[in-house]
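Peer 1: Between the sequences and the hints, there should be enough to build the whole structure, so can you do that?
Chains as they are written, first to last, in my numbering: chain P, 1 to 345; chain Z, 1001 to 1336.
FYI, nobody ran anything at the bench for these hints, they're computed from the structure. Note that beta-carbon positions come from the ideal geometry of N, C-alpha and C, so glycine has one too. Just so you know, not all the hints are guaranteed correct.
Said to hold, decoys possible - Restricting the straight-line Cα-Cα distance to at most 20 Å, the calculated cross-link-like pairs of lysine to aspartate or glutamate (EDC-like) are: (1) Z:K1125 / P:E119; (2) P:K69 / Z:E1100; (3) Z:K1069 / P:E119.
Unchecked claim - Residues of chain Z clear of chain P, computed beta-carbon distances all greater than 10 Å: (4) L1026; (5) S1093; (6) L1242; (7) K1243; (8) E1287.
Spelled out, the chains give:
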Amino acid sequence: MRVAVIGAGVIGLSTAQSIYEQYHSTVSQLTIEVYADQFTPLTTSDGAAGLWQPYLHANGNIQEIQWNKETFDYLLSFLNSPESIKMGIFLQSGYNLCTEAAAEPSFKDIVLGFRELTERELQIFPGYNHGWFNTAIMLEGKTYLPWLMDWLHKRGVKFYQRKIKSFKELAETGVDVIMNCTGMRSGELQPDPELKPARGQIVKVDAPWIKHWILTHHMKPEFYDSPYIIPGSRHVTVGGTFQIGNWNNQSESTDHKNIWEGACQLCPSLKHARIIEDWTGLRPTRDKVRLERETIQTGATTVEVIHNYGHGGFGLTIHRGCAQEAARLFGQLVKQKGIGPKAHL
Amino acid sequence: MKQVRVVVVGAGVIGLSTAVCIAEALPMCSVTLVADKFSPDTTSDVAAGYFFPSEFPDIPLERQKRWIKDSFDHLLAIAHSEDAPDAGVMLTSGWQIFKEVPANQKPFWSDYVMGFRFMTEAELKRFQDHKFGQAFTTLKCECSSYLPWMENRLRKAGGIMECRKINNLEELNYDIIINCSGLGSKMLVGDDEIYPVRGQVLKVEAPWLKTFVMSRDDFTYILPGIHSATVGGTRQQNDWRLKADQNDTKDILERCSELVPSLKRAKVVSQQTGLRPSRRNPRVERETVELQGRRVPVMHNYGHGGWGVTIAWGTSVDVLGLVRQCVREIQLQAKL
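Peer 2: So this is what it looks like as structure tokens:
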């Protein structure tokens, strides 16, 4: 059984991992191949700050909430192992600041020590009159992705740097199942009007005295359009923008100026921090994640595709839950096709 | 009106805080800071500088609360300003954990740090053998940056610094003497109640550590800082050794790695030792001493043990009040 994963961001790599974990011992001759035109450190996942946090106003999508929780618990389980550093996992506490009272977010029972901000804490952040504090997990793509690739490589997964132009292309080589983890550019393989870019520009700075993440919410429909500051293991990520429909993956000086001014107002200690560089990524945004099977007829060939894309600005946050679900869908396929220790082809 | 000549003895966090406090508030005073050791060679430089108050047995609670509140407000304002990186002051959150549930679960100073609450089950799960804990946000003040920053502040306020060892108060010819000589007070003013409590720490490179862990019962702590984390600790009473002890190093690493396993991957950058100037209570009070035939007011501000950074500013403000009173008396005298 040949499985081809298209996409080597956090979604593609973790999907390959889940499939291997769950089926390598039960599916005969399972080979997993990963195809991508960009690998770490050039993927969208690499540029993300890496804070585990779902959107503040999740549109009540219970399944996504469950996948988020599964991911958090999974990452938490590694915390007490020294391996956690190699995976890019660590704890960090911080503030969610709102300009007006808001409903408690879906993650309040998932993260550690979730509580409301006290008066004294709000006084530190003028302009914000409500908010929460909690301890969350950081997962840095720049470390996690190489770790995943190494994990997969050790288990015989093959990587191919190549842009796949169609599902047919892979089907014709005899691939049985395609895991479509192509994120922002899924539309190139199959048009999807629901998938839109939400452009995020960030400024990376050297400010090691900042030990909390600070996210502001100006209660517009857009998230991450207001200032945020997220320290990482090496530098601090300062944002943000959330420009829906903007495909420009170059950083712009107007955005830089707005981001920087907003951040310095939020956190005056940033003023003299050394700016390293700007980076821009396109969040593969969709009303809900596309995680489903599809049988695709391409001329004479039929190929099974499992889609796993559209994770917006919460790919790292939800990746494990989705990967496990994608693997479960793969398992369904395997059962239907009668492949496994009992089947002899 | 003639300038009132003030001398501060000691250039650790207490001496510098007191000197700056006086120089900035009292323009009629000239302030000279005299010490044999300046940063980076003071006890304060070794300290992690975490704001963790304690309760002293014999000082009125209201006075201790003032020390704590004044200190916290002072440092918080710096943490949230452009000066934070230069001054080495930052906000920090984490957990104080206990193997046995303590008698006093909510100490009086819990109102002065931020967001104080008890830890949840889920939070405690990470720490084997620990049954209770407190979570809060506090401040760190890294003296290797803070002291030079305060030295600048002192200069800007017209203060002067002199590197000189004072063996006897008789050597000082000033109107007011402020004694911030820490452990040196044993010799300088003959205080037998002060004694060293040796503390060894390791500075490690672990930039992924963003939260602090302080295990009270066996005094094990991991305290992230700006460029390194301070891990420790030891509390060896009456131990004057300033050299690092390899057994202590091994023991510290073992205890800390048990609490925070990722430390096993951290690089040890240095080992440092400091002698906490310990006393049953800090001595913050005025005394009149006969020197060279004159009656000279001496303000004491020493014996802060392991809480020097924590209450430096608050005790300095306290001393400022005493100095103001002295200045009034001196100026009154001058009129007569």
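Peer 1: It remains to establish, for every hint, whether it holds in the given structure.
Peer 2: Tested hints:
In summary, the hint linking K1125 of chain Z to E119 of chain P is not supported, as the alpha carbons are separated by about 29 Å, beyond the 20 Å threshold. Proposed proximity of K69 of chain P and E1100 of chain Z is contradicted: the alpha carbons are some 31 Å apart, above 20 Å. Pair hint K1069 of chain Z plus E119 of chain P holds up; C-alpha atoms about 16 Å apart against a cutoff of 20 Å. Consistency note on L1026 of chain Z: stated as away from chain P, and its beta-carbon is indeed over 10 Å from all of that chain's, at 29 Å minimum.
A cut-off of 10 Å between C-beta atoms contradicts the statement that S1093 of chain Z is not in contact with chain P; the least separation is 4 Å. Distance to chain P confirms L1242 of chain Z as a non-interface residue, since its nearest Cβ pair spans about 29 Å, more than 10 Å. With a minimum CB-CB distance of about 30 Å to chain P, K1243 of chain Z clears the 10 Å threshold, and the non-interface call stands. At roughly 37 Å, the least C-beta separation between E1287 of chain Z and chain P is larger than 10 Å, which holds for a residue marked as non-interface.
Hints 1, 2, 5 from the earlier list are contradicted by this structure; the remaining hints agree with it.
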